[in-house]
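Participant: Here is what each chain is made of, one letter per residue.
2 protein chains.
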Amino acid sequence: MFKIKKKLKNKLGRVGEFITPNGIIETPAFIVVGTKAAVKSLSPEQVGNLGAQAVLGNTYHLYLQPGDDIIKKAGGLNKFMNWNGPTFTDSGGFQVFSLGAGFGSNENKFEFQKNISNHSLNISDKVQSVHTKLVKINEDGVEFRSCIDGSRHFFTPEKSIEIQNNIGADIIFAFDECVSSSAEYNYQKEAMERTHRWAKRSLNYNNNHRLEVQLSSGNKQALFGIVQGGKFEDLRKKSAKIIGKMDFDGFGIGGSFSKEGLDKTLHFVNDLLPKEKIKHLLGIGEPSDLFIGIENGIDSFDCVSPTRIARTGMLYTKHGRINIIKVKYSRDFSKIEDDCKCYTCENYTKAYLSHLFRAQEMFASTLASIHNLYFIVNLVKNIRQSILDEKFYELKEEFLKKYYE
Amino acid sequence: MFKIKKKLKNKLGRVGEFITPNGIIETPAFIVVGTKAAVKSLSPEQVGNLGAQAVLGNTYHLYLQPGDDIIKKAGGLNKFMNWNGPTFTDSGGFQVFSLGAGFGSNENKFEFQKNISNHSLNISDKVQSVHTKLVKINEDGVEFRSCIDGSRHFFTPEKSIEIQNNIGADIIFAFDECVSSSAEYNYQKEAMERTHRWAKRSLNYNNNHRLEVQLSSGNKQALFGIVQGGKFEDLRKKSAKIIGKMDFDGFGIGGSFSKEGLDKTLHFVNDLLPKEKIKHLLGIGEPSDLFIGIENGIDSFDCVSPTRIARTGMLYTKHGRINIIKVKYSRDFSKIEDDCKCYTCENYTKAYLSHLFRAQEMFASTLASIHNLYFIVNLVKNIRQSILDEKFYELKEEFLKKYYE
Chain A
1 MFKIKKKLKN KLGRVGEFIT PNGIIETPAF IVVGTKAAVK SLSPEQVGNL GAQAVLGNTY
61 HLYLQPGDDI IKKAGGLNKF MNWNGPTFTD SGGFQVFSLG AGFGSNENKF EFQKNISNHS
121 LNISDKVQSV HTKLVKINED GVEFRSCIDG SRHFFTPEKS IEIQNNIGAD IIFAFDECVS
181 SSAEYNYQKE AMERTHRWAK RSLNYNNNHR LEVQLSSGNK QALFGIVQGG KFEDLRKKSA
241 KIIGKMDFDG FGIGGSFSKE GLDKTLHFVN DLLPKEKIKH LLGIGEPSDL FIGIENGIDS
301 FDCVSPTRIA RTGMLYTKHG RINIIKVKYS RDFSKIEDDC KCYTCENYTK AYLSHLFRAQ
361 EMFASTLASI HNLYFIVNLV KNIRQSILDE KFYELKEEFL KKYYE
Chain B
1 MFKIKKKLKN KLGRVGEFIT PNGIIETPAF IVVGTKAAVK SLSPEQVGNL GAQAVLGNTY
61 HLYLQPGDDI IKKAGGLNKF MNWNGPTFTD SGGFQVFSLG AGFGSNENKF EFQKNISNHS
121 LNISDKVQSV HTKLVKINED GVEFRSCIDG SRHFFTPEKS IEIQNNIGAD IIFAFDECVS
181 SSAEYNYQKE AMERTHRWAK RSLNYNNNHR LEVQLSSGNK QALFGIVQGG KFEDLRKKSA
241 KIIGKMDFDG FGIGGSFSKE GLDKTLHFVN DLLPKEKIKH LLGIGEPSDL FIGIENGIDS
301 FDCVSPTRIA RTGMLYTKHG RINIIKVKYS RDFSKIEDDC KCYTCENYTK AYLSHLFRAQ
361 EMFASTLASI HNLYFIVNLV KNIRQSILDE KFYELKEEFL KKYYE
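These protein sequences, in sequence, are chains A and B.
Residue numbers for the first sequence follow the UniProt record's numbering, beginning at 1 and rising by one.
Residue numbers for the second sequence follow the UniProt record's numbering, beginning at 1 and rising by one.
Some clues are possibly wrong.
Pairs involving identical chains hold if they fit within one copy or between any two copies, as the list cannot separate such chains.
[Claimed, not checked] Okay, derived cross-link-like pairs now, DSS-like style, lysine-lysine, Cα gap no bigger than 30 Å in a straight line: (1) Lys335 x Lys275; (2) Lys3 x Lys328; (3) Lys73 x Lys335; (4) Lys159 x Lys326; (5) Lys40 x Lys326; (6) Lys275 x Lys73; (7) Lys335 x Lys40.
Just so you know, these hints were derived from the structure itself, not from any lab.
Modelling step: build the complete structure from the supplied sequences, incorporating the hints.
Facilitator: Right, dumping it as structure tokens:
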């Protein structure tokens, strides 16, 4: 259940609370990614101590390894991984297409830059052909290959929901077809329309089986529908209207965007979706995106970026990212940020962290991930507070000026 | 300063306390290895919570990376790594010869098995020739190559102590020549005699410089001499007599042993060394070795084994080691050990740990390392308590019967 506590004047932004069987999520919130039932390099206590409210696992990965039956037997995702708070699972749609079709490493939530648009047309054609070659889509569902051993698997909307019922997260997503950011209009439209039919089937299957899940675990899972349509305004509007009319507990906004058009797209999508329901922006979470998303009605975010870049030594600071491996940090005995209250900044110097990365110690990833997640999770908390204090625009201007200067 | 609290009747074993500038070490104690100023995959809080009293860093590695000058500027090893307790550094002797000469991965603290003794003669010759080729030893010191970039470096006893003074651990070791376990008698004798001359030089250098270290940091480092002599009884006895007469604060017993002769060797070495001083067995720490060592007068141990095998999925249990990656554990929702009080056993199942290893999650190493270190650190604590309770032999028989059955 979603309660709106305060609204941003003349905008769609709001402060709220989403109540789940495993606790309340104060929104706007950044949800920490724990793809394979673990936040990479962190203990659940470290995740909780940095201020995270909820963790998002991945249906595609958890189905392949360890298997949703094992997580069900363990008592569900949060018992399995020892996380005492709300959990999400995404539907596996994005991974089926990106990892299953083998375009994963080049895939991006934003379209290719305009200055390579001629080139991107060729990439688009190429991706589409790889896409259709390695992933077989029909009306029923998608055949894909495991990224672990190449074995063949078949996901339908019903299968995705069955797996997510087994995994037992508090918030689950309808199964969608996720299209490459460089795909052409006609294919985006075709995929979107299929996603709408799959949304209906996801909802029907869940309504028929959720009761059972509820009875056996004491949990009532929330099911979110996903809006698609890529970077095309007419498709996004159509998708928001159709998905918005279905009886979902909340909504995810998936697929790719044009970076310049993110604010406009999120505004008209969220304006068309039911206002009283929670909205999650899937897989996007750079600082500027967070301000744009929240201003335009997004209530929660997830993104692998804070932990992924942390493992390469890239750290967020108020003045932009720094690469801690640079030799200038090897004799820098100051904190990453003087006024940061994260565990890493409270106990370690840049020199130590720089050493750990150079020495290839695993603990480097732990300390860097704690700092980056703290930075993003607490940025969203500060944005939340700024709406309550009616100082959103001041914070936005001050933060973005420093960060991108 | 070392205080003996209780002795094992008719044996050399004892319970004691070693007072360092950063706290008391209750002996016998297992010292956790943090080679590069970090216990692999663990935070200092996780290390403290599992019961560890002290951490041992490595002079060779820390000299090469980040450099002892950086650790000195950071305020010493425990400030640099955020460990609020005693620290050790070994002298770098073992690493100079094992990593520097490139025989590291095959090197063992015990001699080759007898059933391959013909073969081992050939290996011995080969190792000796590699040894003398890549590491140039003269009376002054040793020239070796960095395991990171192949650059050339020269360690003398004075240089090793200077580095260890800079790193600023509570307990440091004299520089020794560490010979391959398969080396022949004449070479062991020659190396041992050089080690004795180097011990004297280490002690002299430290006596002339320790005062300065003491004044600048408020710390008085303890310097331990190292007994060498390999598997040869006459050499070990000679080394114990000569090193034992020097004015060290304690003693390390280094080099290699014959596995069957460990108890006898440790007995006569510790019987010849001054009884009132603390003795550390370098780099040995399998459960049976701990009982043998403590019974024969060893007060502290260090060994990479608990964390190294943990990272491969090998876990200690009272009934011997298990490999958690085995498929039979993937659906085993019990703890590693029902009565284990470690963080891992209190919060996670075998199925989860098995999944984390298969999914190649870093957190697998963290959980496995916590369990293995807890197992070994607390085994030594239990042995300590058994001496206080006059039940050492009962514990030894019961434990070893279960563990090796």
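Participant: Give a verdict on every hint.
Facilitator: Cross-check of the supplied hints:
For a Cα distance limit of 30 Å, the shortest separation of Lys335 from Lys275 qualifies neither inside one copy, at 42 Å, nor across copies, at 46 Å. For the identical chains of this complex, Lys3 and Lys328 are neighbours neither inside a copy (48 Å) nor across copies (46 Å), given an alpha-carbon limit of 30 Å. Taking the closest pair of Cα atoms, Lys73 and Lys335 come within 30 Å of each other only across two copies (15 Å); inside a single copy the shortest separation is 44 Å, beyond that limit. For the homomeric pair Lys159 and Lys326, the shortest alpha-carbon distance between copies (28 Å) is at most 30 Å, but the shortest distance inside one copy (47 Å) is not.
Taking CA atoms no more than 30 Å apart as the test, Lys40 paired with Lys326 passes in both settings, with 23 Å inside one copy and 22 Å between copies. When the C-alpha separation of Lys275 and Lys73 is checked against a cutoff of 30 Å, the pair qualifies neither within a copy, at 37 Å, nor between copies, at 57 Å. Taking identical chains as interchangeable, the C-alpha atoms of Lys335 and Lys40 lie at most 30 Å apart whether they share a chain (23 Å) or sit on different chains (22 Å).
When the structure is compared with the earlier hints, violations turn up for hints 1, 2 and 6 and for no others.
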